[in-house]
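Engineer: Chain residues, written in single-letter form:
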Amino acid sequence: MKIKEIKGNAKVGVSMVCVSFSMLFNSCSKFLDIVPDNVSVIEHAFKLRIEAEKYLFTCYSYLPENGDGWFNVGMMSGDEIWLPQNDQAHWHPAFRIAQGMQNKGRPYFNEWGGDLKGGDGRFNYLRIWQAIRHCNIFLETIQEENVAPDLNSFERQRWIGEVEFLKAYYHFYMLRMYGPIPIVDVNASESSEPEDLYYKRMPVDDVVNFISNLLDQAIEKLPERITDENTELGRITKPIALAIKSRVWQLAASPLFNGNTDYIDLVDKDGISLVSTTYDATKWEKARDAAKAAIDIAEANSVKLYTYTNDRYNLSTQTKTQLNIRNAVTERWGDEVVWGLSNSYFVNEALCMPPLARGSNVDRFQLQGVWAAPIKVAKQFYTKNGVPIEEDKTLDFSNYMSTRTAVTSERFYIEPGYVTARLNYDREPRFYASLGFDGGRWYMKDGVTGGSDENGMYVQAKNAERSGVGHFTNWNETGYFIKKLVHWESTTNSTNAPTWKAYPWPEIRLAELYLSYAEALNEVNGGSSEAIAYLDKVRERAGLAGVVSSWTNFSKSPSKFQSQDGLREIIQRERLNELAFEGQRFWDLRRWKLAAEYLNQDITGFTITSKTAAGYNVERNVFNQTFIAPRDYLWPIGNHEIRRNPLLVENPGW
Amino acid sequence: MNGLRLIFITIILSAISTLNSIAQDIKVKGVIRDTTGGIPSVSIKVRGATTLTLSSDGFGRFEFNSKKEAQVDFQSVGFKTATINLANQSINSNNEIILDIFLEKIESEIEEVTVTGFGGTQKKASLVSAITTVNVKELKTASSNLTNALAGRVAGMIAFQSSGEPGLGTDNSTFYIRGLSTFGTGKQDPLILIDGIESSPTDMARLQPDDISDFSVLKDAAAASVYGARGANGVILINTKMGMDGAPKFNFRAENRLSSNTKNLKFADNITYMRMANEAALSRTPNGIEPYTQNKIFSTIDGDDPYLFPSNDWVSMLIKDYTNNQGYNLNISGGTPRGRYYIAGTFNRDNGVLNVEPINNFNSNIKLNNYSLRVNVDFSVTKSTTAIVRMYGQFDDYSGPIGGGARTFDNAMNANPVIFPAIYPASKLPFIEHPLFGSSQTRNTDLTIGSSMYMNPYAEMVKGYQAYKTSNLQPQIEIKQDLNGITEGLSARAMGYLRRYAYSSASRNYTPFYYESIINSQDGSYNLKALNDGSTNALLPTGTEYLGYDTPPSEVDSRIWLEGTINYSRIFAENHAVSGMLVSYISSFESVTGNNLLIETLPSRNAGISGRFTYGFKDRYLAEFNFGYNGSERFDSNHRWGIFPSFGIGYRVSEESFFEPLKSVISNFKIRGTYGLVGNDAIGNSRDRFFYLSNVNLNNGDYGSVFGRDDGAARYSRPGVSISRYANQNITWELSKQLNLGADISIANKLDLIVDVFQQKRSNILQPVSGIDNASGLMASPWSNYGRVNSKGLDLSLNYRKNFSQNFWMDARGTFTYATTEILKVDELPYSDNLSHLTRKGYSINQAWGYVAERLFIDNEEVANSPTQFGDLGLLAGDIKYRDITHDGIIDDDDKVAIGYPTEPEILFGFGSSFGFKNFDFGFFFQGAAQYSFFINSNQIQPFYNYTHPDTGIPGYQTGLLKVIADDYWSESNQDVYAMWPRLSTWRVGPNNQTSTWWMRNGGFLRLKSIDIGYNIKSLEKFKIKNARVYLSGSNLFLLSDFKLWDVEMRGNGLGYPLQSVYNLGIQINL
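Taken in sequence, the protein lines are chains A and B.
Our numbering numbers the first residue of the first sequence as 1 and each following residue consecutively.
Our numbering numbers the first residue of the second sequence as 10001 and each following residue consecutively.
Keep in mind that the hints were calculated from the coordinates and are not lab data.
Hints may be right or wrong, so weigh each one.
Lysine-lysine pairs mimicking DSS-like chemistry, simulated, CA-CA at most 30 Å apart [said to hold, decoys possible]:
#  : chain 1 : residue 1 : chain 2 : residue 2
1  : A       : Lys200    : B       : Lys10825
2  : A       : Lys560    : A       : Lys611
3  : A       : Lys611    : B       : Lys10296
4  : B       : Lys10841  : B       : Lys10761
5  : B       : Lys10187  : A       : Lys30
6  : B       : Lys11026  : B       : Lys10296
7  : B       : Lys10918  : B       : Lys10761
8  : B       : Lys10841  : A       : Lys269
9  : B       : Lys10480  : A       : Lys30
10 : B       : Lys10825  : A       : Lys269
Computed footprint of chain A on chain B; a stretch qualifies when at least three of its residues, placed anywhere within it, have a C-beta under 8 Å from a C-beta of chain A [as the list claims (entries may be wrong)]:
#  : segment
11 : 10795–10805
12 : 10947–10956
Heads up, the beta-carbon is just placed ideally off N, CA and C, and yes, glycines get one too.
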């Protein structure tokens, strides 16, 4: 009885509770909805042209920062530019590759991994796969006319062309490093299971065809030249796309990927061969045609080899020739630039330039001059007769470390009265334009009041001298400074902080296309005279006589250019000299399969610790460089990537 | 503000005045005793027309007025209740009744109640869940920070302190209930509720033990599941005291605390410093240049001109041996049957151990003043309605050196001691008013002059000060309604509070002028050269004569909370105890602290309904069911609500009749078990709150591009798009399934033992899915709830009490906590068999991975013939040689193995005892930890390393030379391959600084955590003082550990602000 009564009362209580709770509860659901509308989502990125343009720029933003030696793997990872053995050498990722420390545990320039898992933040490698995903999102979305409706169809097509180019270029960038790579033509959904997001590597030939076709699609849509230079210079044009196509086929045709039997065992998990081991001559024809097409359209749009004109300072011919060579690279948007990187100016002038005539400010942070060229690179430049130093029959370089005093007639190259090594005398203008050395003249616009090239600045690089070791924490390891990359109008000659004239990095200039065309011509048609004609254009601007006359008159093997092999050697050396310090040598040596030969030589320099001419001009071993073939021709994909994706195979040797 | 204060004063005054207006018939006084003497705080309930409740004083004395017919109950925990009918007592000539009450001990605490949350309590006897109640008396330690009293005193809590610096949480202990049982970026520490208000560890740190009435720790699912989404990491419940009927009682405590570092780092003398610096310069570059000439070394030995040949002991110059702190606490309580009050005020001052220099008129030592005022008032609105109003205000005023005290220690230990003096005498340049601080242009390793100045730690300390102020206001109202009118045993309760916290800070400093001495070679005297006076070629930063200032962003946050409870509790037919509770709450928290994302500005909200239902038969068979049903704004609407049920059963074997024969030995024996589910919505960090939304930045400058010619006209640039999170609607609660089995045993009414074993299975732990191939190009790793961890352990507490005679008693107690974890699933790659040593699965979540250091290399030939370590080709004899676990000829990430114990202690224990003899009492407590490892940060202590401070960008630091390194390092003359320190270097040799067994140390320790001696002063009636106690206590007095370099509890952070030993002299007065 009593219990029943309680139950009745309890019921009232419980129902009261229920009502109050359910009221609370309904409002609760709203109470928890706190996220306002209009929170930004990816769809907003294509609402209008002004938003879509940001997405276009995002696709561009992943382009390698080749104007910075920290990011341009081609500059610091080979044997062309050396760093001192101080702290920096220990943590410069590109330079560690040069020192033979590439590894698969934590690969340097781990562009495949993109974001190094567990990395220390200093090694932020490019996220190329992300770039490709962005390109795909852009291409999938922008095709629809109702996306960004205020975008006119002409501009829409141009943007599509640009992003198609970028997608192709990013694939090419990976191909050059890793060889066979996945082709990511279509994005997978981010909500897929991890297993559905595994990619496999595709044969090099497939990747090359994919890139080439994509470039062809892009070329149709791209403009021939930039008309609004103030806001668009640096955007992709037809000549750029064709030039990259030429690089793609040049890579595909070169020995590394064309019939390289070293890669006979590089097969994927299904047994498919990833690098063709049989030589295919038609690839060189494609390379030749691509190079020619690029040259034609570039020249049609007034790209030409740079020469220094409008001289205001009454410069000597010698200095002008040097400026022809230096400014071809450093002049902002110069005549020769096919592709200038508006997003990556060259920022390392302070690392190239030593203190020359600076005042009392001894802080060497501003003028470091740490980038050093090994003696073998200095030797590689021609004599003033335009032939290699070991071939010149009129000039003897066998005792290249012997010294003599410079005479007045040499004053535009070497400070008169200065004692320096044989190696620095009687060289081609490119030698003097590219390298600074102990006693070497270094023309800068502010070197002498009025801009004259008489009595200008010169390098003093012995121990405790202004540019020498012992004078600052950073030093030049070999005694050869990289003059070529310093803009002649940068100001360094005062006690004030230097003002650097940075320049958009010339990723492709016309001289490269000439040399590529010559190379392909010679491969298709050995000893081609048209190849020699294009070589001579480059040589002429560098102040040298043509190949035929130079070899005939001065070389110990005067008919070298007549054979395919001989001309190949000439073309390769011409290319190394012309494009020195521009980040090309590293890739060219790999493509030619010559890296094992070149990168197994010692890195040498002058005896920089000496204070006397006699002691200084002695070749000194700096580093025993090693290159393990075929392992080091391709990047390691890395343990992390290999372990998580069961479809991936690692490159040989790693 | 003023209005508010007025209202409170009115409330308090009216409470006091009602108290005096009640007239009574007869005065009753006397003392309540047990075999050992007066029993303090006995609850006295006078049952009459109006029920009066009061309690005895510190000596068991009491006094009240009453009607003559009243019945009086004397109740105290652990004693049988005595009931006296006043009508039966004789009245003396003064119209007084004098009582001498003797309470019989029941020697077991089964009648005690335990606070279980949401205003609920449960009899300890009928409890089935794992709840530790902490004796508040034990929390009274010499530290002013309550969190530092917890280690070893609470069974089931892992706590440790790693810094002794007074400040905003800097000297707090870190604590976890039953260890750290989840990984990732979410909330891992327990929920702290003070009077039901969600509070921070610092709020808890500032709480005074005097004001606490209950302190309990909810450890298992059955206890915590009513907290649903917030209870997964355990709950700490603290209630503050309320007033009781009776005349105003004053309780005053004053303390003076002497504080000094538990252990000081020992540095080598400056001559050794110079000689070893010379050695280091040559050690890896044979043609390097020695930084100190023999002439300088000999002149320093000879003690020549101290300004030309300085030899500074920065630590003793900057750090004092001890400091003095004060604490005052006053509380007043009392009330009438209609209203009761408890008012407490606290003032604490904690000073740092930094020296104060008379150079400036500002004090750059740490000074933390902390004030709080607590007003708890409850009053009967109607016969069945009680309202409770609590006001609490907590305020910090801090001033200290720029960057805090730890920075000063850091500076003192990382400054060059021999190149410059702290300061030159002002007489040297009489026309200059600013202090002439010493410094010098830095030297590069080749001794060429660098571009910056050496850091002068003295100047850094005195150049300015920073101050912050915090305020925390918490008004709270609670209404209790008795609903016996509906049905007996039914009641309802509503509570709401608002909490506002504000922090603001400012720093003021000048830029010191530095001077360098130039020797006059003629007469050996010196002149001063200004280094940074702003002249041409002067160094930077240029000194200033005046103060500059900086105001870091302020922090403001606000929480509002509303809860309603319905309680039902009744015993049917004497044997069936039934209770139920339903609670519903909503909460909203907003913070505008350092927001840089839209979503961070949005409020955090929770809502939920919880319930608890218990049933007990004859106090013998016990059952309980709990649930929490919670919503969180963080999840997609389909996953927003989670239900967290739990149940428990208990069996009091000792109540069975068959147990009767054993009862004289085992007076109480209960076994119990609970199982349930608890959740956690605080997963991921606050920037990642809404996992169901993507996080897209449509204006990211890092992903933009620039085009254009750059000749005159501006170039055209646009920002780009980045994605830092992909939307995932499926992300939801982290879950914790907890099983607890426990037993409560009392032996011979003297020894109480409580044992709990637990197992916890965490699942749905938020983890990135990083197994996705990079070629997919995702900008961010998707996240998902898939991590799983098991943890298990044991908590044990033991209490013993014995009275040897009327005048001599002792008690002893101990706790033991063991908690360990095992990862079942975590974000990691599927490793092949030969790399299985990299797998984290199966290990503790705090397991460290590192290299196995074998010894130092014997010679360079061994280096050349050993595996390449981390690609470093520059290693030499005396560098650390690691084991090639994978036998692949290189040492890299793959060679890491699990090394040592976990980095958080798995075992924490404490034990102590107290004695009383007549008016004296004496107590001590030891505390210890075991089963954990830590790693010396070798980067931090590498001597002679020049660096720029990573936080401040101030250059010119040079690491000091620890004596232990100077005494035992590898050198050409001491080619000890087991030396403490490897080959010297002036730069950081990466391979030597890896996490490895070389730097691993055992963290186990035992310390005398506290000791106290007290004396009760009686016969102070003529001063109207009921009771006074003077006491001397100390904390962190003595430490036993294998590790001697610094206080082992600081672990790897040895150069920080040390833990403090405190000697405390106090007096407590009750009026």
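Engineer: The structure should be examined with respect to each hint, and the outcome stated for every one.
Structural biologist: Evaluated hints:
| no. | hint | in the structure |
| --- | --- | --- |
| 1 | A/Lys200 / B/Lys10825 | holds, 27 Å |
| 2 | A/Lys560 / A/Lys611 | violated, 42 Å |
| 3 | A/Lys611 / B/Lys10296 | holds, 28 Å |
| 4 | B/Lys10841 / B/Lys10761 | holds, 14 Å |
| 5 | B/Lys10187 / A/Lys30 | holds, 25 Å |
| 6 | B/Lys11026 / B/Lys10296 | violated, 69 Å |
| 7 | B/Lys10918 / B/Lys10761 | violated, 51 Å |
| 8 | B/Lys10841 / A/Lys269 | holds, 29 Å |
| 9 | B/Lys10480 / A/Lys30 | holds, 28 Å |
| 10 | B/Lys10825 / A/Lys269 | holds, 29 Å |
| 11 | 10795–10805 | violated (count 0) |
| 12 | 10947–10956 | violated (count 0) |
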